[in-house]
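Peer 1: The sequence shown maps to residues 52 to 572 in the numbering used here.
Incorrect hints may appear among the rest.
FRET-style restraints, in silico, Cβ to Cβ [said to hold, decoys possible]: (1) Lys263 with Met400: 17 to 27 Å; (2) Glu359 with Gly167: 17 to 27 Å; (3) Gln83 with Lys462: 14 to 24 Å; (4) Ile429 with Val482: 45 to 55 Å; (5) Gln83 with Glu405: 41 to 51 Å; (6) Glu489 with Ala281: 42 to 52 Å; (7) Glu528 with Gly167: 54 to 64 Å; (8) Val482 with Ser423: 39 to 49 Å; (9) Asn402 with Ala458: 30 to 40 Å.
Derived by calculation from the structure, the hints in this document are not laboratory data.
Just so you know, even glycine gets a beta-carbon here, dropped at the ideal spot from N, CA and C.
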Amino acid sequence: MMEREQTERRGKIWLAGAGPGDASLLTVKTRQLLDAADVVVYDALISAEILSQIPREKKLINVGKRSGNHPVPQPEINEILVEEAKKGKKVLRLKGGDPFVFGRGGEEIERLLQEGIPFEVVPGVTSACAVPAYAGIPITHRDYTSSFHVITGHARKGETADIPYKELVKINGTLVFLMGMTALPSICKGLLEAGMAADMPAAVLERGTTAKQRRVVSTLAGLPEAAKKACVRTPAVIIVGKVCALEKEFHWAEDRPLGGRQILLTRPKQNISKLAGNLRKLGAQVIELPSIETRPIEPNPVLNGALERFGKRAKEEWLVFTSPIGVQVLFEQLKEMKKDMRDLIGIPMKNGVEIKIAAIGKSTAAELENHSLSADLIPDVYCAAQLGRELAKAAAADSAVTIVRAAKGSKELIPPLEKVGIMVEDIPLYVTEYQIHEELHEKLAGMFADREIDAVTFTSASTVQGFVKAVHGVEFENITAVCIGEQTAREAEKYGMDIVVSERASMDSMTEKIVELFAAV
């Protein structure tokens, strides 16, 4: 018992590999740890796509290291892990690739052992295998080679890499050099001097598995000049071997409809994005930015009063929902208030009141169906103004309408109803908040500056507002904004964004518009 209490007091460390960049290559266990950990200590190579999936309430510590630039020295990283664990925290040490493939995971474990801090190791997909695979290069092939060998091209500061070139040439396998870009000329020279053929196929693979991956394929003798001409940057993997020639036939990543495209999705935190799944299936790298977070209004006396009046004001009562979140929050509030649907709908119906429900779109209607309710009205165009117009036509002249939605809902919904004399109550259920990790903000700001994000999607005016507040300092004029409707487009236009509007207000239509924009380019 005492030992267990001491362990809980000291916390625990998980050393986990995040893979080479594509978030879909995260292992199931590492993905679970992103949610379970209190603290995430991460490296520079962790992609924005992965960072965007870390809940906002987690503490992030960037110990990013790049070859030749060590913002946080390794001994200090070790002490950060110890310090956080001693606070009783669950700490996820998130490393690019695999923790033990030149990731210095062993050094961190040695320090944890000195302090008696418990740990686990979660292997990751190493760039040594994944990056060539995404470039169409199998590191083994029975017709070419039966072995591969992973070598670090990075030496300690002030030293040269001790690479056994003669032995590597004799092995006749695929050679994979990690962290070797600065040493590329000397690596190629060493292999040539050790007897490897000058025309041996070789490649440099930059930023593999991400939307911005590039491959430069040449011969061993010509690779340094080819890489220099292409201005290859780190991170990059060097591959030497006959299998490099297969990329001409085996390439696939960029052949997908949205291969090579990076799309940023803005969405409420509570929404599971169908759009993200659609785009990933088509090959895009997707950053899901929860630019707005909804918080229920608690206590909510306005809602309490409205529920007391509901079903008592007219012979036809409408309950109107403008988002799936509104449906979710209302039912959560009913549960907190110890009420059920008999209080809201059942009793009025027994008294001869006709209860009808309107939903702004199919997603909202689908959320209602999860609670065994069917919408009587869904407008042809999924926007507040059209919902108001169609509801004004469908509702009886002496009916009453109760709208449950965000505190700052669209002003376009109510005027059409008031114009025909319909009684309206507009009930605020939740408020929206705007915030992201500062670390993610910095990364995104750099990506926008480098024009690495092809488009940003917006599904409501509030997501535009949330995005603008979350990524302050970005030049919005350079952003292609794919909007779900005209109202959302008008909000994005205020900031000078390049506007594209989907044909219909649905995730499938937004997907079609993005494919139309980028697939043939």
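Peer 1: Give a verdict on every hint.
Peer 2: These are the hints, each one checked on the structure:
{"no.": "1", "hint": "Lys263 with Met400: 17 to 27 Å", "result": "58 Å, violated"}
{"no.": "2", "hint": "Glu359 with Gly167: 17 to 27 Å", "result": "60 Å, violated"}
{"no.": "3", "hint": "Gln83 with Lys462: 14 to 24 Å", "result": "42 Å, violated"}
{"no.": "4", "hint": "Ile429 with Val482: 45 to 55 Å", "result": "26 Å, violated"}
{"no.": "5", "hint": "Gln83 with Glu405: 41 to 51 Å", "result": "48 Å, holds"}
{"no.": "6", "hint": "Glu489 with Ala281: 42 to 52 Å", "result": "34 Å, violated"}
{"no.": "7", "hint": "Glu528 with Gly167: 54 to 64 Å", "result": "55 Å, holds"}
{"no.": "8", "hint": "Val482 with Ser423: 39 to 49 Å", "result": "28 Å, violated"}
{"no.": "9", "hint": "Asn402 with Ala458: 30 to 40 Å", "result": "31 Å, holds"}
Violated hints, listed in ascending order, are 1, 2, 3, 4, 6, 8; each of the other numbered hints is respected by the structure.
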